[in-house]
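K.L.:
Sequence:
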Amino acid sequence: MVTQIPDRLLRKDDALQHVHNHVPASYPITYGNLREALCNNKKEGIKFIDYLIQFVEANRYTDISLLGRYILYSWTGISADKFSGQTDTRVFITDDHIAQLIQSCLHADENRRPDVQIILKALLSYKQDLIKRTKRLSSTPNLFTKDHLASFIQDGINELANPPIQLLAAAWKTGITISDIEIKTVSALSNIESQLETSSPGLYDGSHGIARNLAEAIEIGFLPAYPIYTSWINELLSKELDDYSLRQGLAGYGIANLTCSNFISPVTLDERLKKYTTRLSATRPDNSGFSTGLAGITYFLLSYAQHSGHKNALQAGLKNLISLTERASHNAGTTYWLSPNNEITSPWDENSAAHITLVFIKAYDLTGSIVYKRYVEAALYTHDIYATHDNLNQYAALGNILLNAHQSLKERMWLSRSKWIAQVMLQLTGKTELEKENMLDFLLNYYNRLS
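Here the sequence shown stands for residues 2 to 452, where the numbers follow our numbering.
In case anyone wonders, no lab produced these hints; they're calculated from the structure.
You can take every hint at face value.
Taking CB as the label site, the calculated pair distances span:
{"id": "1", "residue 1": "Ser85", "residue 2": "Glu45", "range": "26 to 32 Å"}
{"id": "2", "residue 1": "Thr279", "residue 2": "Gly334", "range": "34 to 40 Å"}
{"id": "3", "residue 1": "Lys432", "residue 2": "Glu111", "range": "22 to 28 Å"}
Using 30 Å as the maximum straight-line C-alpha spacing, the simulated DSS-like pairs for lysine-lysine come out as follows:
{"id": "4", "residue 1": "Lys83", "residue 2": "Lys44"}
{"id": "5", "residue 1": "Lys122", "residue 2": "Lys43"}
{"id": "6", "residue 1": "Lys48", "residue 2": "Lys83"}
{"id": "7", "residue 1": "Lys128", "residue 2": "Lys44"}
{"id": "8", "residue 1": "Lys122", "residue 2": "Lys83"}
{"id": "9", "residue 1": "Lys48", "residue 2": "Lys133"}
{"id": "10", "residue 1": "Lys83", "residue 2": "Lys43"}
{"id": "11", "residue 1": "Lys374", "residue 2": "Lys312"}
{"id": "12", "residue 1": "Lys420", "residue 2": "Lys147"}
{"id": "13", "residue 1": "Lys122", "residue 2": "Lys48"}
{"id": "14", "residue 1": "Lys44", "residue 2": "Lys133"}
{"id": "15", "residue 1": "Lys44", "residue 2": "Lys136"}
{"id": "16", "residue 1": "Lys136", "residue 2": "Lys122"}
{"id": "17", "residue 1": "Lys43", "residue 2": "Lys133"}
{"id": "18", "residue 1": "Lys240", "residue 2": "Lys312"}
{"id": "19", "residue 1": "Lys312", "residue 2": "Lys275"}
{"id": "20", "residue 1": "Lys420", "residue 2": "Lys174"}
{"id": "21", "residue 1": "Lys174", "residue 2": "Lys411"}
{"id": "22", "residue 1": "Lys276", "residue 2": "Lys312"}
{"id": "23", "residue 1": "Lys432", "residue 2": "Lys174"}
{"id": "24", "residue 1": "Lys147", "residue 2": "Lys411"}
{"id": "25", "residue 1": "Lys83", "residue 2": "Lys128"}
{"id": "26", "residue 1": "Lys240", "residue 2": "Lys276"}
{"id": "27", "residue 1": "Lys275", "residue 2": "Lys320"}
A virtual CB, placed ideally from N, CA and C, is assigned to each residue, including glycine.
Take these sequences, add in the hints, and give me the full structure.
P.N.:
So this is what it looks like as structure tokens:
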């Protein structure tokens, strides 16, 4: 997503009423490109600082804390209300003086916040030094430790109103202590029981995803293998729609059944998987995407082949991979797929190139072909090294994809990129329960990769 420097931002100190004032000279740039421009004294960076000067002048009556957070919003594209006094601005701002100045804007004690004239003077000085290419001191953010990460995860789960079973199970497996975990587990199981009849079919946010989470919690030993849980799993898996997608259709049902295979009768499992394979092998949608298109179908077919050695599934999956490579577009070392309307898909979308890498990772795991590895790399290059994003659900998804790439390709750069995402998330506050859950899910996965 391109970071839009907003042209309508909060004015004065009336945050609750969201009074907006038009600010000219909006300047769109991704955070990664902005960071590079500022570090190398490029004109795009100078233009951005000039924009900030105009913005501060137009909003000089705004509360300084709010002003600081909106400067961070302009800088990163991340909503102002996701920053707090705990945010380490040096993570985002590479100039030490400006980073410390914006940090002081967020100080809990308003008497220790700078005057707007000090902010303007600092930005003007920064602009002049960029123009003159004067060397300035770089900021050095605190490197987070494994203990710090564990503490953040622990606090995050404890603060959730109703943490889901998969988060509780993952934290338990990792050895992170969660307060009142027995009570939270009972509540999570009660929530699952209440969805036995009401949930719609689907892997992403439907009955099949619930079944998968429950099965995985039992598999790792977090929950006992009570017959009632097996009954729930089978009831949740029995729901179906006439849909082929990974998100809510046959491909997703197949993945869920593979995950839950130890809780389904062998006859039922075999019948379902063969039925899904037959139907999906004959399906070739125009949509290439992962969530709702050909890539998601292919992911199931290859997963089934990997699980059971099913030849028809493997042949159909490899045939689909040829179609995906033929549909791919290439530009400046990156690979992406157009929508059925020949439009470029947002790099953060569930059907985007980054998500499609998951099927090429699966293909690489199965075959070891360097061709599939190259597609993984080129598709992930659609994102900046220093990627930021306001939607923390989508941001966490990218983090998990990078972890998958590292696990399969054994290349440290993908772990380094996921580390950046973890570092960013440690500075933010999710604004919805779902954002908080997905942030914690990614951070747990990252935590487990640390030695």
